[in-house]
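A.B. asks: Chains C, R, L and G are the protein sequences, given in the same order.
Heads up: the first sequence at position 34 corresponds to 34 in our numbering, and the numbers run straight through without jumps.
Heads up: the second sequence at position 270 corresponds to 270 in our numbering, and the numbers run straight through without jumps.
Heads up: the third sequence at position 42 corresponds to 42 in our numbering, and the numbers run straight through without jumps.
Heads up: the fourth sequence at position 134 corresponds to 134 in our numbering, and the numbers run straight through without jumps.
FYI, nobody ran anything at the bench for these hints, they're computed from the structure.
Any given hint could turn out to be false.
Quick list of in silico lysine-lysine cross-link-like pairs, BS3-like style, CA-CA up to 30 Å [said to hold, decoys possible]: (1) C/Lys33 <-> R/Lys288; (2) R/Lys347 <-> C/Lys91; (3) C/Lys91 <-> R/Lys133.
Quick look at which bits of chain R chain C covers, simulated, 3 or more residues with Cβ under 8 Å [stated by the list, open to error]: (4) 58–67; (5) 80–90; (6) 249–262; (7) 457–469.
Beta carbons: idealized from backbone N, C-alpha and C, even for Gly.
Next come the chains, spelled out residue by residue.
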Amino acid sequence: MTGRGRFRFVGKRLLQAIPLTLVLLLLVFAMLKVVPGDPALQVAGPRASAATLEAIRVHLGLDQPVWLQFVHYLGRVVTGDLGTTATGSTKVSTLIASGTPVTLVLLAVSTVFTVLIAGATALLAARRPDGLADRLINVVAAFGVGVPTFWLGIVLLAGVALPTGAFPIGGWGDTPATVLRAAVLPALALSVSVAPVLMASLRSGIVEARRSEYHAAAQAAGVRGWTLTRRFVLRNAAVPPVSLLAALTTLLLSGAVVVESTFGLPGLGLSLTQAAQNRDFNVIQGLTLVFSLAVVAVNLVGDVLVALLDPRVEV
Amino acid sequence: MNKWTKPAAAIAAVALVAGCGSGTGTGTGGSGTGAVKASNDLVIGRTVAVDGMSGDSCYGAGSISTMPMIYGNLLTNKPDGSGVQPGIAASYDYDATARTYTFHLREDAGFSNGSPVTGADVAFSFEQWRDGKTSGAYYDMIKSAEATDAHTVVVHLTRADTFLPALLTWCTSTVYPDRYAGMTPEQFFAKPIGAGPFTFASWQNPGPSETITLKKNPHYYDAAKGQPSIDTVVVKTSADASQQMLAFQGGQLDLIEGLTADEGNQLTTEQARIPKPSQARDLMLNSKRPALADVNLRKAISAAIDRNALASVQQGYVVPAEGILPINVPNSVPPTEPYTYDLAAAKALMAQRADQKPVTLTLGFEGSSSTVKTMVQLIRDQLAQIGVEVTLKPSDSATVYSQGSSGDFDMLISDPSAISPTVFDPISFVLTAWYPWTGADTALMKDKFTVGTSSTDDAVKDAAVRAIQDDARAQSTVIGLVNMSTAFAVADYVEGFTATPFLSYDAAAIRIRIRTGS
Amino acid sequence: MTTLLRISDLVLETGSAEAPLRPVSHVGFEVSHGEAFGLVGESGSGKSLTLRAVTGLLPEGVRQAGGTLELERDGVLRPYRFAEARGRGIGMIFQEPMTALNPTMRVGDLVTAGPRARYGWSRGTARSRALDLLAEVGMPDPKAQARMWPHQLSGGLRQRVMIAMALATEPSVLLCDEPTTALDVAVQDQILRLLHRIRVERGLAIVFVTHDLGVVRRLCDRVAVMYAGQVVETGRVDDVFTRPTHPYSAGLLRSMPTPDTPRDRPLAAIPGGQPGAGERPEGCRFAPRCAHALPACAGLEHALAPVLGSPSRSACLRVADLGGPPLDRKALIV
Amino acid sequence: MVALVQVPGRRRVRRGSGSAPLLTGAVLLALLLAASFAAGPLTGHDPALTDLTARFRPPTAEHWFGTDQLGRDVFARVLVAAGTDLPLALLGAVIPALIGIVLGALAGYARGWLGTAVMRLADLIQAFPSYILLIVLVFLLGPGGGSFLVGAAVGAWVTYARLVRGVVLRLRELDYVRAAQAAGLGHTRVLLRHVLPNALPQAVVYAASDIVLALSYLAALSYLGLGIQAPGIEWGQMIAEGQPFLRNQWWVSVMPGLAIILVGVAVRLIAGGLERRLQR
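Could you build the full structure based on these sequences and the hints that come with them?
C.D. replies: This is the structure we're talking about:
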């Protein structure tokens, strides 16, 4: 693929993502119409008079046709106005702005853990397919998928954080060092359930690459050591997992929601959980939008990455 | 030898290092005397977020303990809960006939920005309290406040009132610099300036998992006495009480507010500080709901609740309620006829209902506390015995409040706790919130509240309180469940901490035994 | 000419250690400097496995259970370590250039990956060497093609890349595993010419594994015929092709396709099929299919031995009394 | 829920009938399910009975898993909870599988707008992380097992639909399927005869990982108070209730966690065994 071809490919995928994004927005907008309750009442509070409510309805554009309301909604989303929380104390956009870095750091650290755990175990398991290590890792991986993330989180808190004192028991940090330390255990709990999925895919990729003719040919041509592993095994073995990227990310995001609640990390997931518990509509709506747009973006990145890693992929 | 071993081992090693992290907790944790902490910082854990930085919006336990740290009050509670004591005001005079209070301010009180607290500041503050959107109603007896000199403020009332001194200890009575020191209210409350022992430094992730950091205020009025002793206060809020307990045991928290029996029972007796039970826990019944409009159902519910059982699961922290108001508060008297558990009577009352349809009710409560969760399960089981089916509905405290205020509930658990040394304090909550929320008739309570708060005679006050309790029993829209102690978990190296019965405590007096030398 | 590569008594096993199967048993041959050596046989005869064993790149599950592999170094034949020999001395070309070229690497990078890993060539050195090598193997526009991905090239060009890759470490012997099987006839010819040219220019020794006798005839100096995991006859190409000393070689030659017979036609001249590794008879493995077999053939495994009156060596018990007339020369014209 | 393409335990199809693991897993689940209906008689304790005099008893011969903060028998409750968790997790995987197979077949056979519509819908669904979709649906529909099932059905059918559609697209070009259609066999017959057998092994693997995922999501929801509500008894909810006592009365929340892991292992055994059988 030439440079221009790549550019065009990315552009094409971006264009393809636009209708999906619009439909997503429509869907999230439609949530507003499905939920029982008067949005004007939410804004005005319970003690508002009928006149106030009517004024707010006009102000919110609730007296206009639905399509126009949707256009207005789009306008508000574009300008970052997602309303306030149910108690009115905080803007949803503020909540998202403060929660996003937390969730991103958590996701980043878990991704690192997931890749390290999956990479190391996959390499180990692939050394001898069906060997003792391979079988053992497979069994452990099956357990890993089955262990409930939140339960593991509790156990890590009581069993690791408490006795060692090396990690904060719940909560987040305020400096890079404390933030990273706070992310370690939650990320670990998260990785345990996600790493096996990546591991399985990576392992079969490695086995396949190692059995390949190009691997033998490279060896015959004198390629050895880390170059052989990196350029003739890992690079090729990375293609199937990268095509899993979107699926893995949604799995990680799902897990992050649970883990943030377990560890009390002030991220988007905790906000979502608390909003669901407190039936805070605006927050749910805003966060749903953020999460789904993130997935669309990740899908996009995943497709582009696959194309970069595997030049054979049709552009 | 396979080529794979080396990279695999290298990655595994990296994973191990990354997984282990480094560093140690802030505290040494540990138990027994002689425990010390590495730094002069107090890390406080709690489950309830503050309600903002404005005193006007203060209603929850988080704000009740935080506001006095930042702003300071004219008067404060005596640690044993028996009355008020001087704060920013060194003394006050009251003239019942002239309906005026005169406050004499301390001359050494200063705001965190360095300017001294003057009469003008206090007069401005009185106006802000009275005009507040949320809590202004408590201050409706105030006609005007004026600074007669730099350290004297005269407050004129519309009626005789003995409640004001207690009110001035509340978290709503926050002393502000005059005209918010030249800032808009938005600017001011984003980075408030106060005369309390600590200065606002930062407020991260406002909400259920917020972190508030406060620094020592060098201009605090007791600075000469070496108060506050602590350099930094960090308040960490988390909805998960059990997690906080672990953090405390791991030495990562030095103090936990709002400790309940479940958590307290996991601590040593020195660590769990339990004041006398003076927090009422009531059940609100929304009489605007068709089923609950029938007083027979409300009374049946009251009779079907076994308050001894509720108390027994939290021994040492909780006693059964006799009325709706907290005990161990000055002028608190029980109703003429205390609650009794009588299943037969409850069933009889159920049979007397006008509408014999089966009853299904939701029960809202603040879900972060395991003791509340246990309590509501027991209530659900108990009410099932008279055929009332209960659906439990946990939320966070802000949501419970908004459910109550918007009337969006069948039954709601709430705590009309005393936060100042007079029973008229919880009565005022019930009068302005609980009763309107449940659709109760407020006429008698309003009347008796005025009678009680305009008198200086304890007998008059007691009689008014008893009438209020009896009225509550008759209406049964608010039902007393238990009286609780809100306890504190205090690390062994924390000294000078006194657990007061009113949720707030004197943070300025707290000292930390720190590690000396290297 | 001195011996460059000597394989002796090579035994390859698969399956469990208790009951192993031997796809290759006691195979040996020698290749001299600059010599082209052919290893022919049907699929399953073990010729490709033998070649792989020379570089130590046996497929999973196949192991070397015996034998000595020696390579000349400073005038002396000595056993070699695979990892060493691969980068210096032995190069290899694979049958399917499509699967043998890493699809995720550009042609230029691929060609010099070996010496870069081994000698730590700088990027610049590697790039200019890659262009030289690509030019040497006759890539029409090395600069442009170095930037391409393998899948963008035609089969013939891919095989040229494969050859360039094998030449990058300056081997003294090039192992070719059916290098033209996957290619069009016209392209086959180009590749064969290329290999011949390189051999001459570089003074390379080449080991050709193929089932195409025509190729052997055209390119090789000496040949070994393999059947069921054994070498049944070895000798100079001229001798073996004109006067085969083993009935199997003779049959093979008789069935040799002329340019107009379909490529994968079975060996019509010999009835039956080659036995698999698990079903080999005692004694001479060809005996069940051999028109000349005696009862003694089934009992005795006959090792390669010199043949009276011929420079070849044969594994046939009856080589002396069969002798046989020379083959019809017409069949050998390619 | 999203069934992922690669799941440990799947790739290795060893020789053997797979009967032993299949049987072990099935027996484990069957025993657990059966015990859930007879938890009371089996343990000698009423799982719902609060006994404030018997709070926090550690595991003994009387109370195998100890008692909780209300003096209820944890073993009896763990067993009863199996009756909530297992059927819901099972349905949470089977319902979307059925929906996905039907929609996938539809998308494969019906070229044109219908097929496109189904696949676009699949794209849309996949834009939501499964658990977040679940939370949103629970929010819209209210907490409870029904909402959970709807959420699972909406989220997890996509994988099956894609799988079946792929097989249909591949098979419809094959001669024998054409012949079958020419011979007058309906789409349903072709689907049952030719498509399902081809898609089944992988669908079973997906479903197995979906059951495990569904269980962990159900437990997570309930743990957060959004799933099964008391007085319903559910493992995640039990873990949440026992969490405050984790240090001194660990059994209250550790036991239900172990139960979840046990089910995960049993499902994995069954899936592995079934797959081996189906691929023979």
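A.B. asks: Against this structure, judge whether each hint is valid.
C.D. replies: Evaluated hints:
Among the hinted pairs, lysine 33 of chain C with lysine 288 of chain R is consistent with the structure: their alpha-carbon atoms are about 27 Å apart, no more than 30 Å. As the CA atoms of lysine 347 of chain R and lysine 91 of chain C are separated by approximately 48 Å, the hinted pair breaks the 30 Å bound. This hinted pair checks out: lysine 91 of chain C and lysine 133 of chain R have alpha carbons roughly 20 Å apart, not beyond 30 Å. A count of 0 residues in the stretch 58–67 of chain R with a Cβ less than 8 Å from any Cβ of chain C is obtained; the coverage claim is therefore unmet, three being the minimum.
Coverage of the stretch 80–90 of chain R by chain C is violated. Counting CB-CB distances below 8 Å, 0 residues qualify, and the rule asks for three or more. Check on the stretch 249–262 of chain R: 4 of its residues sit with their Cβ under 8 Å from a Cβ of chain C, so the three-residue criterion for coverage holds. Under a criterion of three residues with beta carbons nearer than 8 Å to beta carbons of chain C, the stated coverage of the stretch 457–469 of chain R fails, only 0 such residues being counted.
In the structure shown, a violation is registered for the earlier hints numbered 2, 4, 5, 7, in ascending order.
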